[in-house]
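Student: Protein chains in written order, with the working numbering: chain A, 1 to 742; chain B, 1 to 298.
Just so you know, these hints were derived from the structure itself, not from any lab. A couple of the hints might just be wrong.
[Stated by the list, open to error] Residues of chain B clear of chain A, computed beta-carbon distances all greater than 12 Å: (1) E28; (2) A53; (3) H99; (4) D284.
[To be verified] These stretches of chain B come out as covered by chain A in the derived footprint (C-beta under 8 Å, 3 or more residues): (5) 196–203; (6) 244–257.
Remember, it's a predicted structure, so these values are computed and weren't measured experimentally. Just so you know, even glycine gets a beta-carbon here, dropped at the ideal spot from N, CA and C.
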Amino acid sequence: MEFSLMHAGLAAGAALAAIPVILHLFMRPTPKHVVFPALRLLRERQKRSRKKMRIKNWLLLAARMLLLALMALALARPRIHSETPLGDDSVPTALGLVFDTSLSMGYRQNDETLLDQAKEKALELVDRIPDSSLVFVADSASPASRTGRSPASARQWIKELTVRAVNRPLNIPMGEVYEAVVECDRPRREVYVLSDLAKTSWDLGRPAEGLDRVAKAAETPGGKVATVVLRLGPPAEERENVSIEEMEIPSGVASTGEPVEIRGLVRSHGAKPASRIVEFYLGGDKRGQAPIEIAPGGQQEVQFTTPSRLKEGEVHRAELRVTGAPDPLAFDDVRYLSFQARPPRKVLIVSDLDVDAEFVALALDPDPTPGAARSFQVTIARASELASKYRDTLKDHAAVFLLDVAEPGDAAWNLLNAYVHEGGGLVVGAGVRCRPEDYNGPIPSQILPARLGAPAVPDPTAATFGKVADATHPLFDRYAEGIDAQLATMPVRRYWKVEPSEAARALMTFADGAPALLERTFQGPRTGRVLMWTTPLARRPRPSDPAAWNELPSLSYWVFPVVMNLTVPYLSGSTGERLVYDAGEDVIVPLGPGAAATDVRIIGPDGKTAEAATPPPPGEPLRIASPQFPGHWTVVASGPGDAKQTLGFSLNPPADESRFAALEAAELDALFGKEGYFLADDDRTLQKATELIRVGQELFPWLMFLILILVTAENFLANTFYKEPTGGPTTEPGPSPAQAAA
Amino acid sequence: MSTAEKFLKPEVIRQVARLDLRAKFIVEGFIAGLHASPFQGFSVEFSEHRKYAPGDNISDIDWNVFAKTDRFYTKKFQAETNLTGYLVMDLSASMGYTHRQELTKFEYGISLAAALGYLMIHQQDPVGLIAFDSKVKRSLAPKSRRSQLANILSVLSQLKPEGVADFQASLTQVSGMLRHRSLIMIFSDLLADPEPIRRGLHRLRHSGHDVILFHILDEAEAAFPFEGMVRLEDNETGELIEVDADAIKADYLEEVESFRAGYKADCVRARIDYVPLHTGMPFDKALTSYLLSRQARG
Chain A
1 MEFSLMHAGL AAGAALAAIP VILHLFMRPT PKHVVFPALR LLRERQKRSR KKMRIKNWLL
61 LAARMLLLAL MALALARPRI HSETPLGDDS VPTALGLVFD TSLSMGYRQN DETLLDQAKE
121 KALELVDRIP DSSLVFVADS ASPASRTGRS PASARQWIKE LTVRAVNRPL NIPMGEVYEA
181 VVECDRPRRE VYVLSDLAKT SWDLGRPAEG LDRVAKAAET PGGKVATVVL RLGPPAEERE
241 NVSIEEMEIP SGVASTGEPV EIRGLVRSHG AKPASRIVEF YLGGDKRGQA PIEIAPGGQQ
301 EVQFTTPSRL KEGEVHRAEL RVTGAPDPLA FDDVRYLSFQ ARPPRKVLIV SDLDVDAEFV
361 ALALDPDPTP GAARSFQVTI ARASELASKY RDTLKDHAAV FLLDVAEPGD AAWNLLNAYV
421 HEGGGLVVGA GVRCRPEDYN GPIPSQILPA RLGAPAVPDP TAATFGKVAD ATHPLFDRYA
481 EGIDAQLATM PVRRYWKVEP SEAARALMTF ADGAPALLER TFQGPRTGRV LMWTTPLARR
541 PRPSDPAAWN ELPSLSYWVF PVVMNLTVPY LSGSTGERLV YDAGEDVIVP LGPGAAATDV
601 RIIGPDGKTA EAATPPPPGE PLRIASPQFP GHWTVVASGP GDAKQTLGFS LNPPADESRF
661 AALEAAELDA LFGKEGYFLA DDDRTLQKAT ELIRVGQELF PWLMFLILIL VTAENFLANT
721 FYKEPTGGPT TEPGPSPAQA AA
Chain B
1 MSTAEKFLKP EVIRQVARLD LRAKFIVEGF IAGLHASPFQ GFSVEFSEHR KYAPGDNISD
61 IDWNVFAKTD RFYTKKFQAE TNLTGYLVMD LSASMGYTHR QELTKFEYGI SLAAALGYLM
121 IHQQDPVGLI AFDSKVKRSL APKSRRSQLA NILSVLSQLK PEGVADFQAS LTQVSGMLRH
181 RSLIMIFSDL LADPEPIRRG LHRLRHSGHD VILFHILDEA EAAFPFEGMV RLEDNETGEL
241 IEVDADAIKA DYLEEVESFR AGYKADCVRA RIDYVPLHTG MPFDKALTSY LLSRQARG
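This is chain A alone, in the form it adopts within the complex:
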């Protein structure tokens, strides 16, 4: 804590405290000479009284001296917490301005965004400093220059600020500005943070950078740096916002020739119910709309379907837009999706009996009508045909299902081994027919996740499926909780006890804890995967049938078709081909087989800004480092010759920005230190904080209060000391207390 005086010269008036002493010493009246024979009476008494009088007089004298000194001090306007020697605006200042340019700063309040408000406040601050000041500006989006700007230059910089989709935690620009301000030689040093204090704008795991430099600078005289956090925008509970949080193709694939279902999730973040219209755009054209009503804090799904004849191989651009009412936060009112339409994926189901294949086939291709739109083209074959008929074409299949095949044989295993190692996907459903000696052979052991032991009958008290072991696995992440609920009711009569290999992991268990589904992956140019169910993917109508091991494929449960439909894209690796990214993520665009492109141009969402990129080596994807602007991006790869490839991807703003959560006081304390900042919410508190920094906490009112008490005490003392004796013989009136005090 520092103590200083606004008008230091006036403090010299404290010397007036000497007046009572001077008066006492020099202005003392000459005592009247009186002959008084009764001096004897007076002598002893006077000795005692003089002692008392001396003490009384000193008390009175001290009170009067203190009174004068305090009056002079009050006029000098003392203050504490002052950072600078003078409180006026003429002091050259090292002014640090840190702007939060995150998307949440685009929130509109009173017809202007929070960033606009921040800019206004910042311009006011800049206007109040002299031209000899230096301004150090930084935003959360881009690294700051450590060179100070003149106030005029800073004004220009501030005016050009815009909300950005990709931002660094504000901890970082704080450090940049602190460092520059600490090194600046201007006598007054202030750093202002202008932010809505959304949690997403800060890295709460660590304090603001540069605080150590600030602390070190504070040890030197005049080196203190004051920090003011200016909170912008309404509190969280007063905010209204409807956002599109998700937009996806639930099946994960868009197959050529069939309509693509697109799902969106709209959430209301306010305290009021929201009534909106969600519009669906495909290729820039509006293809549908749906009115929605969302409860406060609730969410609602919307679904749209594309036309069935989407061009194969082309990147299709879809958007969902929320309209129907003004929304204060615009960036999350639209969401982008890019997808490619592919031909139906080929799936080969190998089984000894048709009944063992039909459940999977029906789940993958429920409408066998020729010419109907379908995601998967399913073929059922026998194990004996595998090696002979599909040796060359097996690699064209997205997945192979080996369902309760008794003895696939070495030829088949060899083929499947090669297929898996080249990135293929194999699903094994082990049932009553499987012969462990064949499945545990050396070749299958190279690819299967487990060795078969013996069929096991689960304890009747735990004769159901158990739960998903890894809820984040692509097979289950979307419906993990629902799947678990169904698994718990799904009867299991028998399963294979297995001995998992070291490379395998269990994805699902039975109720008794035994593995129900295991996975083994094989790294290569394409990742090969083997999923092994320890119970068959087929059922029998009669539970007494020896092959009736479980009820997983029963129509009573939706888990089976969902998991089967997710299995094929997962095994084929298409779930890893991303065309939708969050802004700021590194984007990988596969340029496809063929000769290397000679020219690659990346076109931004506005369709105008095009940037040339270095073509990647042949076979390598194009890597684009953290593109920032949300929307549909286009990549055009040209050459050699006339060859031209148009690709694309979509960028969406981070959904976290929509879910506004304000920093708690304790979190602010952790960021800046408990005493390390002033928090301002509006003009009044900002002015107060600025005054506290520049002028300090004025002690004037307290001093005046003290003076009042002192005046009272002085009067009381004077009246007590010079009180007239009551009832004593007096011949003349004594002096009044006021005269005596003078």
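For this one, chain A is given, so just place chain B on it according to the hints.
Tutor: Frame of chain A; chain B shown alone:
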């Protein structure tokens, strides 16, 4: 108030220059104010012998009595039917003090003594005079003749309070001078060490005398009317003290009260009549004290 009574006031009697007239006026004024005559039965026989007290003349010891009783008694040479009074004046310089420049303590005392002398002579009581400071300076043997009053007044008018009083020595000397049991009326401000004064008074009482102590202070000494810073000087010792009169006034008055109370208590114990006075007080109080004392004795 009758014309005579007004002379009981010090400020009035001050204007009377002649001491004999002062005495006359005071007494007449006093008598005029009384409803019943106090002048009856004053003459009292008293014993032929009294116990010897240290300081008595050894030659006065009645050896015959000693032979019979084995105790010392002093004998009296003449029987007295009237009360012998002594007016004992303190001649210390402090007695010459007056703050208002009107009536000094000494003048007040003289006026009072003159009035009492006047009164006693008229009663046919013998009255003597003793004036002392460090020792007895002047004395007149007690007589009851009319001319005695003139003598007393003459001596009184010549006395000047200039010395430093030594009460113990002087009162012891006085005690030695008196052969018969007497009424001793002391006029003093008692501004000296109290202990020797007390011893002197006790000495008189032990010698069998009746004592009336007229304690006369100046009006200023009794009321302390000063203001502001004052430098006070003791005119006997020359000592100076500088005080804030306003601040110390209450304390001083307390001290005066305590001073008087101390003597009063002492006098009560020694059966001495103590009459506190100051120069602003009417004379009748003093005279009343005298008469009451006489009545008590009668």
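Student: Looking at the structure, which of the earlier hints fail to hold?
Tutor: As far as the earlier hints go, 3, 5 are violated by this structure, in ascending order.
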